[in-house]
Every structure is written in C-alpha cells, then in structure tokens.
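As they're listed, the protein sequences go chains V and X. 59 is the number that the numbering used here gives to position 59 of the first sequence; each next residue is one higher, with no gaps. Here the numbering used here runs 474 ahead of the position in the second sequence, where the first position is 1.
I should point out that these hints are in silico values taken from the structure, not numbers from a laboratory. For clarity, every value in this text was computed on a predicted model and none was experimentally measured. For each residue, glycine too, the CB sits at the ideal point set by N, CA and C. Treat the hints with caution; some may be incorrect.
[Stated by the list, open to error] Computed footprint of chain V on chain X, listed as stretches where at least three residues anywhere in the stretch have a Cβ under 8 Å from a Cβ of chain V: (1) 512-523; (2) 573-583; (3) 837-846; (4) 886-898.
2 protein chains.
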Amino acid sequence: MGDDGRHMTPDEFRAHGRAVVDWIADYYERVGSLPVLSRAEPGDLRARLPDHPPSRGEPFDAVLADVDRLILPGITHWQSPNFFAFFPANTSFPSILGELLSAGLGVQGMLWATSPACTELEAHVLDWVAEMLDLPAAFRSDGPGGGVIQDSASGAVLCALIAARERATAGGSNERGCDGRLVAYASSHTHSSVEKAVKIAGLGRENLRLVAVDGRYAMRPDALDEAIRAYRAAGRIPAFVTATVGTTSSNALDPVAAIGRVCREHGVWLHVDAAMCGTAAVCPEFRYIHDGLELADSYCFNPHKWMFTNFDCDCFYVADRGALIRSLSVLPEYLKNRATESGAVTDYRDWQVPLGRRFRALKLWFVIRHYGVEGLRRHVRRHVELAQRFAGWVGEDDRFELAAPAPLNLVCFRHRGGDGVNQQILDRVNASGALYLTHTRLDDRLTLRLCVGQTHTELSHVAAAWDRIREAAG
Amino acid sequence: MGDDGRHMTPDEFRAHGRAVVDWIADYYERVGSLPVLSRAEPGDLRARLPDHPPSRGEPFDAVLADVDRLILPGITHWQSPNFFAFFPANTSFPSILGELLSAGLGVQGMLWATSPACTELEAHVLDWVAEMLDLPAAFRSDGPGGGVIQDSASGAVLCALIAARERATAGGSNERGCDGRLVAYASSHTHSSVEKAVKIAGLGRENLRLVAVDGRYAMRPDALDEAIRAYRAAGRIPAFVTATVGTTSSNALDPVAAIGRVCREHGVWLHVDAAMCGTAAVCPEFRYIHDGLELADSYCFNPHKWMFTNFDCDCFYVADRGALIRSLSVLPEYLKNRATESGAVTDYRDWQVPLGRRFRALKLWFVIRHYGVEGLRRHVRRHVELAQRFAGWVGEDDRFELAAPAPLNLVCFRHRGGDGVNQQILDRVNASGALYLTHTRLDDRLTLRLCVGQTHTELSHVAAAWDRIREAAG
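Hey, can you work out the whole structure from these sequences and the hints?
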C-alpha cells in the first residue's frame with residue numbers, strides 16, 4: 001500500500017476513509033476525557049519525527065497509527081466540551097463532512113467559470129445567512145453589495161481597509177501608494193487584526209488611532225468624533241473605523257448606531273467586526289447587538305467561531321461591492337474568459353487577497369441544512385444560558401467578582417485576591433487538564449475569561465469548570 | 475436525522491461519513507467521463523436553490539443527494555485527468571484524508587501553545603520538503619530562516635513584500651506608513667498576485683516596475699539592473715524583486731542566479747515564486763531551475779498545484795525569519811502565554827496575514843509518507859514526459875507550432891492560422907467537454923496552453939487531447 005509510490009486506488013480510499021471517519025467519531029467520543037491543554041514541551045514532537053522524509057512510501061495504517069502515537073499528545077483540544085479559552089473555533093459533524101466533500105471535489109473557485117457552483121452556492125448561502133441574522137438589505141447580493149467567505153476576520157478587515165483606502169483617495173492609494181495621510185480608528189479594545197491590517201496596508205501603525213472606551217470597555221462615539229475632527233483639521237484623511245460587536249477581551253459591544261452616525265457625518269468607512277457574537281443574531285432576542293448596522297460599509301462574523309462550521313469560514317459583507325472589486329481586481333490575459341467578460345457573473349478572486357479559493361460554502365450549507373435555523377437558535381440560546389448560569393455563580397461567591405458585563409457567552413471574572421491568586425487559578429486549572437481558560441487584563445488587572453461556545457459543552461461541563469476554579473482558588 | 479436541530483451523533487457520523495467517502499471514490503471513478511468545463515449558465519444553480527434557509531433541519535441523505543442533483547452540474551472538474559487548463563490544482567486520496575483529519579481535530583494553530591503538534595509538524599515537514607527540493611540551508615528551521623504554510627502564492631508574495639518593505643525602511647513603513655518612495659520589480663510575465671500585493675501593501679501600482687523579458691519570456695537581469703539604478707538615482711528606494719520559476723503564461727524560467735546577483739549588489743529583497751514548477755525540483759535532473767536560489771531572501775512553491783496536496787498548501791520559506799516576524803507580529807494580552815514568552819517556540823500567527831490557521835501540515839505529511847520521495851519523483855517525471863510527448867507531436871504537425879520553450883510540464887502552442895483559428899480550437903475543445911484548455915497571449919498572439927499535472931493524467935488522455943485539438947482545427 002503505497003510502498004511503491006503508486007496512487008491509492010478508489011477502493012483503498014474507501015477502506016482508509018472509513019478508518020479515518022471512525023477515528024474521528026472515536027475522537028469525539030473520548031475528547032471530553034483528554035487533557036484540554038496539550039502537555040507537550042517545546043520540541044517533543046520534532047524529537048520523535050524522522051530527520052529525513054521517507055524515500056519509499058509507507059502503508060496508510062502506519063501513518064494513522066502515528067496520528068495517535070505522535071500527534072495526539074501535541075493537540076490542544078479545541079473540540080473538547082471543556083474548552084473555554086479565547087473565543088471558540090467550534091465545528092460539527094455536518095461541517096466536517098462538507099470540508100471532506102470540498103477536498104474530494106478539489107475545485108478552485110477563483111473565477112465563476114472555474115466552478116460555477118462554487119461561486120453561486122457561496123453567494124446564495126451568504127444571502128441565507130444575511131436573512132438568518134436579519135442583516136441590512138444592502139449586504140445582499142441582489143443589490144449593490146454582497147457577501148463572500150474569507151479565511152478569517154483578519155482577512156476581512158484587511159479587505160475592508162483596502163476598499164476604504166481606495167474610496168478615501170478616489171483610487172489614488174491603489175495607483176500611487178499611501179502617502180502617510182490616511183488615518184484609521186479603532187477602540188483600545190479592538191482585536192489585534194486591525195493593527196496588523198493597518199501595518200500591512202501601508203498606513204503605518206502610528207496612523208491607527210485608539211479611541212477611548214467607556215466603563216463597559218465599549219468605544220466612546222464622542223471620543224471618535226473628536227479624534228476624526230482633530231485629524232481632519234490637521235489636514236489628514238480619516239478613512240476607516242472598526243467597531244466591534246463583542247471584543248475579544250471582554251465581549252464589549254461598541255455602539256454601532258452612534259459610531260455609524262459619526263462615520264456618515266464625516267464620510268468615513270465603517271467596518272463592523274462581530275467575529276464571534278454575530279452568530280447570536282440568529283436569535284431575534286439578541287439582534288440588538290447589530291443596532292445601527294445599516295450605517296456600516298462592511299461587516300463580518302465567523303461561522304468558524306460559534307456557528308458549528310470548521311475553520312476557515314468568515315462571512316464578509318460589503319454594502320458596495322464595487323469599492324472592494326476596484327481595489328482588488330487584476331485581470332491578466334490567462335484569466336480572461338467569456339463569462340467574466342459578459343459581466344453576468346461574480347469572480348470572487350476580486351473580493352479577497354489570494355487568487356485561489358476552495359469550496360468553503362459547502363460546509364456552511366451542510367451546517368445550515370442539518371440544523372435548520374431553529375436548531376442553530378436552540379444551540380446558541382443554550383450556550384448563552386450556560387454562560388449566564390456561570391456568571392450567576394460568580395456573582396454569588398464573595399471571593400469572586402464579575403470584571404465586565406457578560407451580555408452573551410463570555411464571562412470575565414476574577415478572584416478578589418489580586419493578580420497573584422488569579423494567575424495561580426489559571427495555572428492550576430490549565431495544568432489539571434480538566435478545562436482550558438485564558439486571560440486578559442481589564443483596568444490593568446489580570447482577568448479570567450470563560451467562553452461557552454464549543455458544540456458539545458453542557459451544563460455538567462460548566463459546573464465542573466466552576467468547581468475546579470473554586471478549588472484552585474483555595 | 476437533524477430535523478429537530480440536534481447534533482449529529484458519532485454513530486450517525488460514521489454512517490454519513492462512509493457515504494461521503496464512497497461518494498468521493500465513486501466520483502474519481504467517473505470523473506474522467508464528465509464534461510471537464512461546467513456547462514452551467516450564469517444563475518442556473520441559484521435558480522434551483524430555495525430562496526430561504528430551512529427553518530428545520532433536513533436529513534443528511536437529502537443534502538448529499540442535492541450534491542449530485544444541484545452541485546455537480548456546476549463543477550468544472552479540476553480533478554479530471556482531462557484537465558489541462560491554467561496550472562493544475564491537483565490532489566490525491568492521502569491528501570483528502572489529511573484534510574479530513576484536520577477538519578475532525580478542528581484545532582487552531584495560531585500559537586504553538588494552542589496545539590504544539592500543529593506548529594511542530596509544519597516546521598518539520600517544511601524542513602523535509604527543503605531537503606526533498608535541495609533548497610538552500612538558510613531556508614531550514616535550524617538556522618535563521620524557516621518555512622511556513624501559506625494559503626497561496628499570493629499570500630506568500632504579500633508577506634515577502636511586507637518583510638522587504640520593512641527591511642528597506644528599517645521598520646519605518648510599519649510605523650509611519652508608506653511614503654511613495656518604495657519600488658518593486660517584476661517581469662512583464664510575472665503573476666498578477668505581485669501587482670495585487672503591491673497595491674495591498676500600499677506601494678501603489680505605479681511603483682511596480684515591469685522589467686523587460688528576453689526571447690524566452692524570462693526576465694532580463696541587465697534590464698533589472700538598469701531599472702534599479704535609475705530609480706535609486708532618482709532618490710527612490712528599490713525594495714523588492716520577484717523572480718519566477720515557471721511563469722503562468724509560458725513557464726518561462728527567470729534566471730535566478732543573475733537576478734540574485736543584481737539584488738545582492740543593490741541590497742534589494744529577492745522573492746522567488748516557483749508556484750507550480752518548484753515541485754519539479756524533487757527530481758535531481760530538474761533542480762537546475764533553482765540555480766542561484768541561495769541568493770534569494772524568500773521562496774515559495776505550491777504543493778497544492780503539482781504535489782498531490784489539495785488546496786490550500788503553499789510552502790513559503792524565508793532566509794531571515796526575523797524580518798518577517800518583526801513586520802507581522804502584534805501581541806495583545808489575550809494571546810500572551812508562557813511558551814511564547816520563553817522564546818523557545820514558533821508562533822506561526824506572526825508569519826502570515828490571518829491570526830487563525832488550521833492544521834494543514836497533516837495533509838502534506840500524509841502525501842509525503844504515502845508516496846515517499848521516490849514515488850513523487852516518479853509521478854513528476856511521468857507528467858513531464860507526457861508534456862514532452864505532446865510538444866513533440868505539435869512539432870511534427872506542420873499546421874501547428876510551439877510558441878515558447880517547454881522545459882517541463884506546460885506546452886504553449888498555436889495553430890499557424892492566426893488568432894481566429896486558435897480561438898475556434900479553444901472554443902470547440904472546451905465545449906466538447908472532452909478536455910479543458912486555457913490560453914494566453916505571447917507576442918500579442920493568441921496562444922494555447924496545455925499543462926500536464928492532474929494526478930491521474932496518463933498518455934491516453936494526452937493523446938486523446940491532441941486528437942481532439944487537431945480535429946477542432948479542421
């Protein structure tokens with residue numbers, strides 16, 4: 001099997017494919033009992049791998065056995081129901097099957113013509129998602145805007161910034177390059193991807209202005225307005241604002257409507273990053289988080305965080321696709337084709353940084369069809385309820401306090417004993433393997449974060465986590 | 475199954491997983507008989523999809539049946555042995571299984587700590603690949619450089635440009651932004667991703683200088699030298715050169731050694747893009763394509779083109795990882811961890827545009843272990859031989875001519891009857907469904923391209939393609 005370097009046959013693939021499918025099913029049956037944070041030390045895996053690639057092929061069974069023997073000890077189990085760290089990157093069996101089918105088809109959706117279904121399913125499912133979240137009509141593909149799947153919220157904010165840069169300079173920065181006059185704005189709690197994008201796009205880190213936040217760690221629209229006016233008065237070009245619906249530190253909800261009014265007044269592009277929390281808007285009772293979104297020029301959220309779709313799947317919407325396409329389109333001879341020239345189709349290569357793209361809409365389509373909108377609502381509500389239960393327990397224990405509002409599925413909390421005690425709790429619970437928590441700093445105090453979003457997290461897991469945390473504080 | 479919105483169980487996943495595995499095996503058994511270029515018209519798929527997402531979940535069997543009914547007619551079959559268009563994006567069963575396992579594990583490798591095996595396997599396998607291609611020692615992880623998997627050659631060239639920009643300005647462009655003085659160089663045949671990167675990075679399209687090519691469509695080092703001197707004399711900052719090993723139009727091989735000497739003399743970053751052809755260097759007899767690569771600062775090639783690994787998998791190497799990391803690193807509090815602070819680990823988030831990343835090294839590891847280095851050589855040699863056979867047939871037919879040198883697996887050719895006849899051939903063969911060819915323009919003449927790289931392409935497919943082409947010319 002493979003030792004002579006020949007291709008695996010379809011029948012061999014059937015057999016090995018079943019073995020991998022069974023491996024994955026087994027994995028999900030036991031993942032809750034594995035230490036969540038890998039206990040590997042730096043270099044552990046590399047020391048066990050052969051120094052040189054094999055000259056001759058090896059049997060697939062040997063490779064799969066090495067996954068257990070070599071890889072598994074080096075895995076931090078993001079799909080453990082005891083994973084409460086960062087934001088989740090959850091998934092589901094239907095999503096895994098969608099990814100498998102995408103890999104099997106192996107199509108390249110760079111142009112409509114290179115697989116029409118890849119482009120059309122994506123545009124269609126993104127319209128479905130816009131309906132599911134009740135997003136503004138401008139983001140749908142039947143108007144001047146539309147949606148596309150990006151690799152991540154980082155990719156989305158970079159594309160939004162590029163489009164904003166072009167709009168602010170009437171195409172000048174695309175042609176002649178940046179000249180140091182453009183200014184971008186975000187709050188001091190905005191995700192690091194915005195700073196990264198500002199650097200990549202040639203604006204310069206100094207030209208990202210961090211706007212002050214209020215007591216709930218949300219951006220202050222008055223401070224934004226002031227900062228835009230000051231820079232404009234100094235001859236600069238305020239071009240781009242990122243508002244966040246659910247910051248990574250504390251899930252703060254920037255006031256999109258008030259920020260949007262400021263942006264409209266000054267003609268500045270507003271991008272709204274709802275990477276995790278956007279999913280909550282599938283439930284009507286949580287849609288308030290998007291109030292004012294009709295004032296945004298672009299928006300993204302990640303089904304690969306909380307909507308049971310495996311990484312990578314970021315849904316990115318623009319109200320005016322022309323601005324995006326003008327800034328990213330390059331059409332060499334070897335990509336020209338009749339469909340593109342007809343103007344009747346979308347070529348998604350012009351909506352993203354890379355040229356190539358795989359068929360990521362399949363997995364999102366599988367997820368939505370498997371769960372249905374009502375099913376997704378049910379699971380999102382369950383996660384929010386679990387986080388609220390946890391927040392309630394924190395509130396009832398005099399040794400602990402809530403460190404920020406917990407509107408949805410992230411709870412920021414701390415022991416009242418100070419940074420040392422909180423670091424000890426963090427280290428102990430993570431070393432225990434029973435759960436995985438990460439931290440942030442709020443008002444310069446070490447703060448623990450517990451985020452409920454893994455697909456299979458139930459009340460028992462959250463209750464056990466709380467027990468373990470209290471124990472670690474003792 | 476799913477109609478109540480509940481999660482698919484592991485046992486249901488076993489059953490549905492087998493069905494998808496079998497679907498894929500069946501697909502490969504029949505793909506050679508399907509029309510290669512999709513016959514769908516714009517809007518065909520969208521017209522058949524429900525306007526609204528389902529409220530309640532649907533059985534998985536219904537979803538899979540819709541893949542046949544709705545999706546398949548809209549697929550252009552990149553995995554058909556009769557696919558000769560663009561550059562290939564081939565794959566193999568071991569790669570598909572690696573992607574499946576990666577989706578099943580669902581880990582996020584943004585930090586070493588968030589799954590040590592994800593980072594360490596990637597670093598290790600990229601060292602294996604460097605050995606397989608006999609790349610310069612500086613690109614290996616045990617020195618100042620190292621390798622990382624990017625989504626595409628577009629992502630790689632953008633990262634290279636960002637690092638080059640920073641080196642040329644001693645960090646100034648990262649901090650203060652671009653100022654219009656930086657200049658990048660490529661040949662007039664360089665891939666469109668370079669122009670896209672130059673625009674994204676804020677240099678401006680006007681500041682990408684297209685260097686003249688010689689009669690073989692390869693960059694002229696003397697013209698590059700002259701262009702660098704002219705801009706430097708004018709007070710500009712030449713910062714970045716892309717040399718291509720196998721251009722997309724005609725597979726021209728830019729002379730890396732001579733270009734590298736020019737770049738060294740002027741202190742300009744040299745990036746070498748060997749997106750498709752790099753794979754050929756697995757065979758010692760083809761390694762001449764990389765002559766002079768030790769003068770390059772960065773290099774990339776795509777196993778997702780010709781090394782039987784499904785998209786996305788671009789191997790990107792830098793000789794000095796510090797330059798790359800300094801330009802892309804942002805470390806917010808919520809990502810800080812002891813392993814990062816120890817300095818003993820690699821955090822690949824600082825080597826790429828996005829923060830998140832999935833476990834792509836698994837599929838490349840599976841491919842190398844399944845085939846072994848000798849097995850990969852065998853298949854690459856076979857593809858080159860098939861292309862050379864085709865080039866021979868073209869040379870023997872008085873009606874046709876070779877339009878450019880065909881050193882490896884791409885043949886550029888044309889009918890001597892002019893653009894009209896060649897367009898007719900292209901339209902007829904693609905409409906027939908029997909094969910898929912694309913075109914370019916060389917010396918402003920329409921030129922047909924036939925690229926041999928799909929995993930299962932054999933002599934019979936190439937011979938049938940040639941028959942069909944001659945017939946279409948009649």
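Taking the hints in turn, this is what the structure says about them:
| no. | hint | in the structure |
| --- | --- | --- |
| 1 | 512-523 | holds (count 8) |
| 2 | 573-583 | holds (count 9) |
| 3 | 837-846 | holds (count 7) |
| 4 | 886-898 | violated (count 0) |
Violated hint: 4 only; the structure is consistent with all others.
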